[in-house]
Amino acid sequence: MKIIPHAKAAAAFIKDEPRTDWHDETLWFVREKRDKAAHGVAEWELLREWASQIKNHTLSNIDNYLIEFEQKAVANGITVHWAANGEEHNHIIFDIIRRNGIKKIVKSKSMLTEECHLNEFLQENGIEIVDTDLGERIVQFRKEAPSHIVLPAIHLKKQDVSETFHQHLGTEKGNNDPQYLTEAARQHLRSKFIESELAITGVNFAIAETGGFVVCTNEGNADMGAHSAAIHIACMGFEKIIPQAEHLAVFLRLLARSATGQPITTYSSHFQKPRKGQQMHMVIVDNGRTKQLGRADFRNSLKCIRCAACFNTCPVYRRSGGHSYHTAVSGPIGSILNPNLDMKANADLPFASSLCGSCSNVCPVKIDIHEQLWKWRQLITAEGYVSTGKKIGMKGMAFVLARPALYRFSGRMARWFMRVVPFLFKSKKLNPWYRQREMPQPPKQSFRDWYKNNNKLK
Amino acid sequence: MKVGLFIPCYIDQFYPAVAIATLELLEKAGCEVVFPLDQTCCGQPMANSGFASYSKGCDKNFIQNFSGVDYIVAPSGSCVLHIKEHLQDKDEVKATYIKRHIYELTEFLVDVLKIEKLTSSFPFKVGLHVACHGQRGLHLSSMSELMEPSFSKPEKLLAMVNGLQLTKPKRSDECCGFGGTFCVFEEAVSVKMGKDRIEEHTANEVEYITAADTSCLMHLEAILKRQGSNVKTIHIAEILNSSIA
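If you're matching them up, the sequences are chains A and B in order.
According to the numbering used here, the residues represented by the first sequence are 1 to 458, in order.
According to the numbering used here, the residues represented by the second sequence are 1001 to 1245, in order.
Among the clues, some could well be false.
Claimed, not checked - Label-pair ranges, simulated between beta-carbon atoms: (1) A:E43 - B:L1037: 48 to 58 Å; (2) B:D1038 - A:K391: 20 to 30 Å; (3) A:D21 - B:G1228: 50 to 60 Å; (4) B:H1139 - A:H166: 46 to 56 Å; (5) A:F399 - B:L1037: 18 to 28 Å; (6) B:E1024 - A:K426: 32 to 42 Å; (7) A:A382 - B:D1091: 51 to 61 Å; (8) B:H1139 - A:F399: 42 to 52 Å; (9) B:T1096 - A:L46: 42 to 52 Å.
Stated by the list, open to error - Think about it this way: if two alpha-carbon atoms lie no more than 27 Å apart in a straight line, the pair counts; the simulated BS3-like pairs of lysine-lysine are: (10) B:K1170 - A:K375; (11) A:K276 - A:K192; (12) B:K1170 - A:K429; (13) B:K1090 - A:K452; (14) B:K1156 - A:K390; (15) B:K1170 - A:K33; (16) A:K36 - B:K1168; (17) B:K1156 - B:K1232; (18) A:K390 - B:K1168; (19) A:K426 - B:K1168; (20) A:K395 - B:K1117; (21) A:K452 - B:K1002; (22) A:K428 - B:K1056; (23) B:K1002 - A:K8; (24) A:K33 - B:K1060; (25) A:K157 - B:K1195; (26) B:K1225 - A:K375; (27) A:K391 - B:K1225.
What the hints assert, rightly or not - In silico contact screen, one side only, chain B against chain A (beta carbon under 7 Å); selected entries: (28) E1116; (29) C1132; (30) A1188.
Don't read these hints as lab results, they were simulated from the structure.
Every residue, glycine too, gets a C-beta built ideally from N, C-alpha and C.
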């Protein structure tokens, strides 16, 4: 599949300006809700610091905590599987499905399974898998990827949803009433929950001390699935581990406030052991995480708790939409995670930022996202994933700027050309600055000229 | 107190009035100001594009020009931040001295010179654009994302200007979309961000948009001109140095 670079995909997105404004305002509304919720917690900045330190500590001792978790989980009756990559993850799940002769599966939100492309894999193998998060179900009907990790269908308006439901669920054409549409989804999903024999969920936090794990949803769909199916498979990237149950007191307070401005998710469900007759599996996945852990500059990106606050605050994300990032996890955090998975394919992402720094400020676990974007840029160009034109341009610029006399000469020439033959700069095709902006008015004198001419040299 | 005036390359070439205002402000405040004549650029355009390895020549030139002064002051938060974060040299002592003694103009006026009064006047309605690198990098003002007491060094100074009516856009500190080479490599997003900033300022019926960074203003000015708008841009140094009655 050919990847459309972010800048190009973003330009296509922005062509529909009213829709871009709507997308921007919708997500800004979520950012404002987050601000309000955070203002309600006097110790907010302290909580962020604690969360950051707990995660740093955990990452530094992750081997021990994972082993501790496995021992406790196995003792609780959970079967623990280890997957080195997405392919292994998918095969482990498929084996469980095959062994138990299962055909119908429900799955609640899990960005990890998106990262591993589980749905496509299972569908290719003849298994029906239904996403039960409402937003994810909508994009699944449309054969699209989620455009946001918390709000998967945020790129769609209710009219789009109505049309999709009309096609797939037979709802009335043109009925855009949210109440009507959610009720249709509810009835549809109920039947899927009842039919399903196996439920897949994600994991928000796994607790080394207890061998249990926590799944947070607003719709209760993880619980509906896990409680009605005979088999529960929870999938988790290994960085989701936390040492002790009491640490949830920090993370659960931060997660929903950062994500949507709610004090807590409607359901924060604790899974400890399988109920009688149920199978409970946990698949722990690496898929590049060990490599990221070994990159000193980028290891702390693994602190992420997937709240998406960085998406909602990002002025670039809000105006370019999640699909322009061409990856399962988009937005600022995606731009520092994905180059680790495939630097060449994702070489454009760290450049899809003005480096304003707002992402790092909202991050509840204090990941220095914008600084890592800068560092990825250095690594990507050093590895050669950059156009020759850009490289030559930068080299030329560096050559001029390191030589004061040449810099002054070039500056004078540039200003002279801009004054005398301004049309040279006014090509919307060749000069991206000029496409929607005027050129600056070049003065006859530079400041240095003025300084010398006005006897400022004492 | 000997102050080395650092005028970023694009200000030197395209916005000399900003540099003149900065120089005059510092001199009025009693500083001995020198302008090292062989200065060029901080190196940020290369570094932010992923070519930090190409900015060694700029680093060397910067250190040659700015060693031996007490402070270095520039009318640009972004260039100052770049020097603070990325200036490197074999001579670590010299590089470290510069990194610790380089100031953005408004923070220098407020924190070092402790200016409490200005004689300037600027009788216009002015919208304040908060430039990201000055704010989030140098902490010139409090940030809307953080739960912290509210403050602003640029606003503190603007409050001393006679006749000036200050307004703030609805989103008080959203990026304008300039972002260095981002403005050409991500042209569509960059311009959309700029247009959205401008819309919030024009909703406040401002006559001028000001900021402590010329690069943001250059970008906003370019969009305003294309739109045929009457709103003008002006660097904060020009306002603080203004005596329009």
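Going through the hints against the structure:
Checking the proposed 48 to 58 Å range against E43 (chain A) and L1037 (chain B) shows it holds: the Cβ atoms sit about 52 Å from each other. A C-beta distance of roughly 27 Å is found between D1038 (chain B) and K391 (chain A), which places it inside the suggested range of 20 to 30 Å. A hinted range of 50 to 60 Å for the beta carbons of D21 (chain A) and G1228 (chain B) is inconsistent with their spacing of about 21 Å. One distance hint, 46 to 56 Å for the beta-carbon pair H1139 (chain B) and H166 (chain A), holds here, with the actual separation near 52 Å.
Taking 18 to 28 Å as the suggested C-beta distance range, the pair F399 (chain A) and L1037 (chain B) conforms, at roughly 20 Å. For the pair E1024 (chain B) and K426 (chain A), the beta carbons lie near 34 Å from each other, so the given range of 32 to 42 Å is met. Checking the proposed 51 to 61 Å range against A382 (chain A) and D1091 (chain B) shows it is violated: the Cβ atoms sit about 25 Å from each other. At about 34 Å, the CB distance of H1139 (chain B) to F399 (chain A) disagrees with the hint of 42 to 52 Å.
Distance hint check: the CB atoms of T1096 (chain B) and L46 (chain A) are about 31 Å apart, inconsistent with the given range 42 to 52 Å. With a C-alpha separation of about 32 Å, the suggested pairing of K1170 (chain B) with K375 (chain A) is violated against the 27 Å cut-off. Note on K276 (chain A) and K192 (chain A): the hinted pairing holds, with a Cα-Cα distance of about 23 Å set against a maximum of 27 Å. Of the pairs offered as hints, the one joining K1170 (chain B) and K429 (chain A) is violated, with about 34 Å between alpha carbons and a cut-off of 27 Å exceeded.
For a cut-off of 27 Å, the pair hint linking K1090 (chain B) to K452 (chain A) is broken: about 32 Å separates their Cα positions. For a cut-off of 27 Å, the pair hint linking K1156 (chain B) to K390 (chain A) is broken: about 41 Å separates their Cα positions. Simply put, K1170 (chain B) and K33 (chain A) have alpha-carbon atoms about 15 Å apart, close enough for the 27 Å limit, and the pair holds. Taking the CA atoms of K36 (chain A) and K1168 (chain B), the gap is about 19 Å. The hint holds against a cut of 27 Å.
Between the alpha carbons of K1156 (chain B) and K1232 (chain B) the distance comes to roughly 22 Å, so the proposed pair stays at or under 27 Å and holds. Simply put, K390 (chain A) and K1168 (chain B) have alpha-carbon atoms about 37 Å apart, too far for the 27 Å limit, and the pair is violated. Restraint check for K426 (chain A) and K1168 (chain B): the C-alpha separation of about 33 Å exceeds 27 Å, so the hint is violated. For the suggested pair K395 (chain A) and K1117 (chain B), the alpha carbons sit about 46 Å apart, so the restraint of at most 27 Å is broken.
Restraint check for K452 (chain A) and K1002 (chain B): satisfied, since their Cα atoms lie roughly 19 Å apart, inside the 27 Å limit. A threshold of 27 Å between alpha carbons decides the hint, and for K428 (chain A) with K1056 (chain B) the separation of about 33 Å lies outside it, so the pair is violated. As the CA atoms of K1002 (chain B) and K8 (chain A) are separated by approximately 49 Å, the hinted pair breaks the 27 Å bound. With a CA separation close to 47 Å, the supplied pair K33 (chain A) and K1060 (chain B) exceeds the 27 Å bound.
The hinted pair formed by K157 (chain A) and K1195 (chain B) meets the criterion: a straight-line CA distance of about 24 Å does not exceed 27 Å. Proposed proximity of K1225 (chain B) and K375 (chain A) is contradicted: the alpha carbons are some 35 Å apart, above 27 Å. With a C-alpha separation of about 31 Å, the suggested pairing of K391 (chain A) with K1225 (chain B) is violated against the 27 Å cut-off. Hint status for E1116 (chain B) relative to chain A: violated, with the closest Cβ pair at about 28 Å, above 7 Å.
Taken as an interface hint, C1132 (chain B) checks out: its beta carbon lies about 4 Å from the nearest beta carbon of chain A, inside 7 Å. Because the beta carbon of A1188 (chain B) sits about 4 Å from the nearest beta carbon in chain A, less than 7 Å, this interface hint is met.
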